[in-house]
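*Asks:* Starting from the known structure of chain A, arrange chain B on it as the hints suggest.
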Amino acid sequence: MKKNKIMWNRAIFIVLYGVAILAYFIVGLFQWQCTKSLQAKPLTLEDFTLVSSLLVENEPNAFVSTDPDPQLVYTQEQPFRVGRFTFSATSNKPGGEMVLYYTQEQDYLTSGFSEKNKIWAKQLPNGTWYFDLEGKEVTAIRLDPDTVGGVVWQVNKIELNAAKSFGAYFAPTGISILAVLLGPLLVGAIVLYIKQMVQTFLQGKKVEMVQSS
Amino acid sequence: MLDILVAVLAITCLCLFLKNQFKISSGFTPLVALSTTALWFSVVGMLGILWAGGLVWYIVCGVLGVFTLGKHSIKSSLANMLSPAFLLFLLGSILVCIYLGIRQPVLHEWDEYSLWGTIVKIMKENNELYTTAPSGFAWASTQTPTLPAISYFVQFFGKYAEWKIYTAYSILYLSVISALMATVPLRKYQVAVPLGIVGLLTPWFMTVYNREYEAKLVWLSSYGDIPAGMVFAGVLVLYFGLRTKKQPLWPVIPVLAALALIKDNTFVFALAAAGIMVLDLLLDWRKKKDEKSSLPRVSPTKKIAILGNSAQYTWIGRIIYMVLFLLSAIAPYMLWTNCYIAGVVAARKSAGITDPNSLSPFSALLAGTKMLFGLEEKSTRFTEVWQEMWKSFLWNTTNGNKRIGGAPLSMLGGGLMIVFVITVLFVFAIILLKNKKVRVRIGVAYGAMLLCFIGYTYEIFISYVFIFGDGQGLTPSYNRYMYGYYIGWFLLAVYFLAQAALQTLNPQEKPIYAIKTFVAQGAIFAFAGVMMLRTSMLLPLYNSDIGYTQDTFSSQKIEQNYADVLNQTMNSGAQTERIFYVNQTDNGEEWFLYHYLLLPNILDYSGIATKAGGPGGGGGTYTAPELLNGEPATNYNTYAPLELQEYMTDAGITYVFLDEIDDRFVDSYASLFTDGLQQAKNGATVLYKVNGAGSSLMLSPVEMEVAVR
Numbered sequence: 001m002k003k004n005k006i007m008w009n010r011a012i013f014i015v016l017y018g019v020a021i022l023a024y025f026i027v028g029l030f031q032w033q034c035t036k037s038l039q040a041k042p043l044t045l046e047d048f049t050l051v052s053s054l055l056v057e058n059e060p061n062a063f064v065s066t067d068p069d070p071q072l073v074y075t076q077e078q079p080f081r082v083g084r085f086t087f088s089a090t091s092n093k094p095g096g097e098m099v100l101y102y103t104q105e106q107d108y109l110t111s112g113f114s115e116k117n118k119i120w121a122k123q124l125p126n127g128t129w130y131f132d133l134e135g136k137e138v139t140a141i142r143l144d145p146d147t148v149g150g151v152v153w154q155v156n157k158i159e160l161n162a163a164k165s166f167g168a169y170f171a172p173t174g175i176s177i178l179a180v181l182l183g184p185l186l187v188g189a190i191v192l193y194i195k196q197m198v199q200t201f202l203q204g205k206k207v208e209m210v211q212s213s
Numbered sequence: 001m002l003d004i005l006v007a008v009l010a011i012t013c014l015c016l017f018l019k020n021q022f023k024i025s026s027g028f029t030p031l032v033a034l035s036t037t038a039l040w041f042s043v044v045g046m047l048g049i050l051w052a053g054g055l056v057w058y059i060v061c062g063v064l065g066v067f068t069l070g071k072h073s074i075k076s077s078l079a080n081m082l083s084p085a086f087l088l089f090l091l092g093s094i095l096v097c098i099y100l101g102i103r104q105p106v107l108h109e110w111d112e113y114s115l116w117g118t119i120v121k122i123m124k125e126n127n128e129l130y131t132t133a134p135s136g137f138a139w140a141s142t143q144t145p146t147l148p149a150i151s152y153f154v155q156f157f158g159k160y161a162e163w164k165i166y167t168a169y170s171i172l173y174l175s176v177i178s179a180l181m182a183t184v185p186l187r188k189y190q191v192a193v194p195l196g197i198v199g200l201l202t203p204w205f206m207t208v209y210n211r212e213y214e215a216k217l218v219w220l221s222s223y224g225d226i227p228a229g230m231v232f233a234g235v236l237v238l239y240f241g242l243r244t245k246k247q248p249l250w251p252v253i254p255v256l257a258a259l260a261l262i263k264d265n266t267f268v269f270a271l272a273a274a275g276i277m278v279l280d281l282l283l284d285w286r287k288k289k290d291e292k293s294s295l296p297r298v299s300p301t302k303k304i305a306i307l308g309n310s311a312q313y314t315w316i317g318r319i320i321y322m323v324l325f326l327l328s329a330i331a332p333y334m335l336w337t338n339c340y341i342a343g344v345v346a347a348r349k350s351a352g353i354t355d356p357n358s359l360s361p362f363s364a365l366l367a368g369t370k371m372l373f374g375l376e377e378k379s380t381r382f383t384e385v386w387q388e389m390w391k392s393f394l395w396n397t398t399n400g401n402k403r404i405g406g407a408p409l410s411m412l413g414g415g416l417m418i419v420f421v422i423t424v425l426f427v428f429a430i431i432l433l434k435n436k437k438v439r440v441r442i443g444v445a446y447g448a449m450l451l452c453f454i455g456y457t458y459e460i461f462i463s464y465v466f467i468f469g470d471g472q473g474l475t476p477s478y479n480r481y482m483y484g485y486y487i488g489w490f491l492l493a494v495y496f497l498a499q500a501a502l503q504t505l506n507p508q509e510k511p512i513y514a515i516k517t518f519v520a521q522g523a524i525f526a527f528a529g530v531m532m533l534r535t536s537m538l539l540p541l542y543n544s545d546i547g548y549t550q551d552t553f554s555s556q557k558i559e560q561n562y563a564d565v566l567n568q569t570m571n572s573g574a575q576t577e578r579i580f581y582v583n584q585t586d587n588g589e590e591w592f593l594y595h596y597l598l599l600p601n602i603l604d605y606s607g608i609a610t611k612a613g614g615p616g617g618g619g620g621t622y623t624a625p626e627l628l629n630g631e632p633a634t635n636y637n638t639y640a641p642l643e644l645q646e647y648m649t650d651a652g653i654t655y656v657f658l659d660e661i662d663d664r665f666v667d668s669y670a671s672l673f674t675d676g677l678q679q680a681k682n683g684a685t686v687l688y689k690v691n692g693a694g695s696s697l698m699l700s701p702v703e704m705e706v707a708v709r
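Protein sequence lines, in the order shown, are assigned to chains A and B.
Residue 1 is where the first sequence starts when you use this note's numbering, and the numbers rise one by one after that.
Residue 1 is where the second sequence starts when you use this note's numbering, and the numbers rise one by one after that.
With the rest of the complex left out, here is chain A:
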């Protein structure tokens, strides 16, 4: 009886971890599905509205931030979907933090960009910064390239919906690792809890029936 119980419990966890790993890949596939139809679109600095920054004269693809809060705003006539936004550039000094804001509001010019919709830059091995919006539909995006001011940026390439390798969709992130490792533990605990409640209730009923017969 006890051996059965242990095997039952082990089976529950094996199933749960299997489900977790499967879910991990399904989520990756789903994201791939959402973004594979998006066309890669190279952008230039002219496509952006520059705030607190200026294009450098006589130098194509260069701009300088004039205060610690420079912003490059990009929008299209209609709401558009964004997969991976990449920014490949070099600067003449360390810039501090680079973030991307996005908004889904129609009237973003008045409502602005909210702190809730902020993504921190990650870097590819070749130094390109990227932001993964995973196919979200947005009305505008805003790149804040540095928090220092007076930084001269030499831009190599900016791309909307840059190509992302199939494997990259399954790259582990902090939250996905936690979910796969710890999720089954928690769900398993809940399952065991319910199982024991049900068993005790049934046992109690049996005792009752025995007592009443």
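Everything labelled a hint here was simulated from the structure, so no lab data went into it.
Heads up, a few of these hints could be off.
[Claimed, not checked] Residues on chain B that point at chain A, a partial pick, calculated with CB under 8 Å:
#1 V193
#2 I197
#3 I546
[Said to hold, decoys possible] Cut-off 27 Å, straight-line C-alpha distance, at most; resulting in silico cross-link-like pairs (DSSO-like, lysine-lysine):
#4 B:K436 / B:K246
#5 B:K188 / A:K206
#6 B:K216 / A:K118
#7 B:K246 / B:K23
#8 B:K437 / A:K205
#9 B:K437 / B:K510
#10 A:K205 / B:K434
#11 B:K557 / A:K118
#12 B:K245 / A:K5
#13 A:K206 / B:K516
#14 A:K206 / A:K195
#15 B:K510 / A:K5
#16 A:K205 / B:K516
C-beta: ideal position from N, C-alpha, C; glycine also.
*Replies:* Relative to chain A, chain B alone:
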């Protein structure tokens, strides 16, 4: 990284020994082992044999581990150790070590430079306790040693690194959570998991109160407030857990002592814990015949080792324990402050160093109590702080709305809300437990915690009125002084609720008892769920200790690089340089930052701390007295050039670091520089070398290879 894993191995050996020899649950052992380690390192540090004593400790742990595995077979030892609690501790410690070893976070907050991180670096660079080791501080470092001792212990065999301090703190938190879960056996898995979740989330849950849009580092901080709260919780659940499992109570003693030595104002936590334990021991006064027979049977030779086990059931045993608990809460702190530190300060005095005076806590307490009872007239500050503290506890006045609940402090809300939720948890625990005696004990524990809470709040109030100056505001750092106590109280409530969830199910009993057990288990699940929900709402992973972005420490890395350049430029390799600091616009922060970064070279206090007039005697801002032009000297310390020359000679200054100069400085002291400060003004250099002594002391520019920032 290897040095920390060796430390974890040493702790594991000690845990194995404690479990096998003294038969305490494996989940309790990490906290006891770490506390004993902290005490050992503190004592050998005080005796001046820190490194040798540390080596001895590692050897002893290794020997005890081998000895206990030899005596009890490896298989059974490991089987006994593997409770959910100990597994959490061991795996958690290893994972944290690997994660932080890869990401390598660095110090990033004010007090980490002025105290917590710096004292560990001083210890590690000199292999000497920070109280007597050379540093640029113009005062004796009187901080109590538990946390720096543990930080030093884990990196004993490796090079100093800031992330190792954070790993030490995380291992300490894990040992407390392990103690919380220690009474849960593996087969009660459905209690262990939510309990572990509650424990792990507590540091964030009780300290974060706003949605965070920037990195908010909670575990990765070397401040002492969260450790104080966690170890406060740890010692209480250890005591009650040992009593529940009918195990010897002496392991509480080292933990109480270590708790008393975490921070000055949390010495009160140790007193409170000792008081609660004394009260609990008084409760079941008469020994019961059936209790004695339920003790584990022991062979006569082991009787001495677990004499404590049966002692708690005899009246003489209880009295001994009460005395020991009170002693272990009071004595370490008294010994440290009145014997050891007094000796250090006296030694400094005889060497000609005068330390600035501060009001003793006891005279402050006396003055405040007189005011409270109307024996003396209340000062304005007394009334203002009194009102402010009540307001912070009762009312939430954010966004202009006044709501009840208290100023936001945790994810539950403010003081009143927290106390309310804790009370509800206690009430739940009391209702859901079937043993009447245990219910009474829990009720008494709650009452005692409430009384001690009032006492602790009063102590903080007295500090605000008498020890903090007017310039620091009415209730500075209110949140972090209060949340330590809330953490302790909260985890104790959760522990009691867990005991209700662990009640055995007996089919012969009335069904209501089974229902109570399941409700308790469900309650822990529900609370864990609430904590997970609130935490995810307020603190996204990428702003937390687990997922913070690469940019988070970018400015700190820039500062570290700059300090490394300075050290390399100066480094003759043969000696420790002593550097005089000049920054005409500093408020103290930059001095503390560079003092930390330039170690082992010493950034001198750069002036006489007790000099009259001026902001603080030295630390960076100077002018010749005649150039003050009748302005009050609140921004500049006045030194005539000859005074500076004499100071530098006496202090053994070898370099001058001109972090920021202004016209006043140039006008006052250009005569002391061989180039008249030309190169500094051009930005060609920030370092000047000291040549000569006394009135013929001159400063010559040092060539710097890298462009000055």
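*Asks:* All hints, please: hold or fail.
*Replies:* Structure-based check of all given hints:
With 8 Å as the threshold, the beta carbon of V193 (chain B) comes within range of chain A, its nearest partner Cβ sitting at about 4 Å, so the hint holds. The criterion of a C-beta within 8 Å of any C-beta in chain A is met by I197 (chain B), whose closest approach is roughly 7 Å, and the hint holds. Interface hint status for I546 (chain B): upheld, as the beta-carbon distance to the closest one in chain A is roughly 6 Å, under 8 Å. Of the supplied pair hints, the one linking K436 (chain B) and K246 (chain B) holds, its CA atoms being roughly 18 Å apart against a limit of 27 Å.
With a CA separation close to 24 Å, the supplied pair K188 (chain B) and K206 (chain A) stays within the 27 Å bound. Distance check on the hinted pair: K216 (chain B) and K118 (chain A) sit about 15 Å apart at the alpha-carbon level, within 27 Å; holds. Our distance criterion of 27 Å between C-alpha atoms is met by K246 (chain B) and K23 (chain B), whose separation comes to about 10 Å. Proximity of K437 (chain B) to K205 (chain A) is assessed by CA-CA distance (about 31 Å); at most 27 Å being required, the pair is judged violated.
Between the alpha carbons of K437 (chain B) and K510 (chain B) the distance comes to roughly 19 Å, so the proposed pair stays at or under 27 Å and holds. This hinted pair checks out: K205 (chain A) and K434 (chain B) have alpha carbons roughly 22 Å apart, not beyond 27 Å. Of the pairs offered as hints, the one joining K557 (chain B) and K118 (chain A) holds, with about 24 Å between alpha carbons and a cut-off of 27 Å not exceeded. For the suggested pair K245 (chain B) and K5 (chain A), the alpha carbons sit about 26 Å apart, so the restraint of at most 27 Å is met.
For a cut-off of 27 Å, the pair hint linking K206 (chain A) to K516 (chain B) stands: about 20 Å separates their Cα positions. A C-alpha spacing of about 16 Å is found between K206 (chain A) and K195 (chain A), which places the hinted pair at or below 27 Å, so the restraint holds. Distance hint between K510 (chain B) and K5 (chain A) is fulfilled; the C-alpha atoms sit about 25 Å from each other, no more than 27 Å. At roughly 17 Å between alpha-carbon atoms, K205 (chain A) and K516 (chain B) fall within 27 Å of each other, so this suggested pair holds.
Of the numbered hints listed earlier, the single one contradicted by the structure is hint 8.
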